[in-house]
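Undergrad: With these hints in hand, go ahead and build the complete structure from the sequences.
These protein sequence lines are chains X and B, in that order. Quick note: the first sequence uses the numbering used here, first residue 243, plus one each step. Quick note: the second sequence uses the numbering used here, first residue 97, plus one each step.
Hints are supplied without guarantee of correctness; some may be wrong.
[Said to hold, decoys possible] Calculated lysine-lysine pairs in the DSS-like style (CA-CA distance at most 27 Å, straight line):
1) K153(B) x K291(X)
2) K266(X) x K153(B)
3) K174(B) x K149(B)
4) K155(B) x K266(X)
Quick caveat, the hints were computed from the structure, so don't treat them as lab data.
Okay, here's what each chain looks like letter by letter:
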Amino acid sequence: AQSVTQPDARVTVSEGASLQLRCKYSYSGTPYLFWYVQYPRQGLQLLLKYYSGDPVVQGVNGFEAEFSKSNSSFHLRKASVHWSDSAVYFCVLSPYGSSGNKLIFGIGTLLSVKP
Amino acid sequence: GPKVLQIPSHQIIDMGQMVTLNCDPVSNHLYFYWYKQILGQQMEFLVNFYNGKVMEKSKLFKDQFSVERPDGSYFTLKIQPTALEDSAVYFCASSLAGTEYEQYFGPGTRLTVL
Chain X
243 AQSVTQPDAR VTVSEGASLQ LRCKYSYSGT PYLFWYVQYP RQGLQLLLKY
293 YSGDPVVQGV NGFEAEFSKS NSSFHLRKAS VHWSDSAVYF CVLSPYGSSG
343 NKLIFGIGTL LSVKP
Chain B
97 GPKVLQIPSH QIIDMGQMVT LNCDPVSNHL YFYWYKQILG QQMEFLVNFY
147 NGKVMEKSKL FKDQFSVERP DGSYFTLKIQ PTALEDSAVY FCASSLAGTE
197 YEQYFGPGTR LTVL
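TA: Take a look at the structure:
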């Protein structure tokens, strides 16, 4: 079965601190992996994507993620968070070759950044 | 960046009524999607639409659901009749041909069925 697990429903960090949001996926084939962010009252925005190649991918606003096939993980990181990073972050899997291009979502992690 | 709009943002209706959720996708996108998120649960894929046809639908896409995009206007999700379990936030998304996995999402329509 294909699934995405985000074990932390809520993460709180202080402004300027480093951040890691965890994501584990379950899929036996080649995964396409994404992180989306949702700010209040807005649509989901693509933060970064991984298709193949270098396991560390860079995204917008200083975010990066590292793909690990052995651990079935795709954790999101940022060296120094800003209060404006407060949002819900979704880890997303797309099974390569799925006819409908469907996305499989994790439940999301609510990030709160304390000033 | 490109924006997907959804109208209305919130809809309250009585069980058994019909409802139409509207999505204004990014103008040059050709693939359209609906996802459903029940409060506290994961967002789940409902349906994918391309070239006037449903390409794939999930088991959540019941017979009471239908989608269409007549003549390049809104991409719509119609539910007729509605049931209590249809209460959720419905997200529309669109993508370009060639980069179908990079989907642009709207802010969602919160549907409440009483």
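Undergrad: Now tell me, hint by hint, if it's right for this structure.
TA: Status of each hint after checking the structure:
no. : hint              : result
1   : K153(B) x K291(X) : holds (24 Å)
2   : K266(X) x K153(B) : holds (25 Å)
3   : K174(B) x K149(B) : holds (15 Å)
4   : K155(B) x K266(X) : holds (24 Å)
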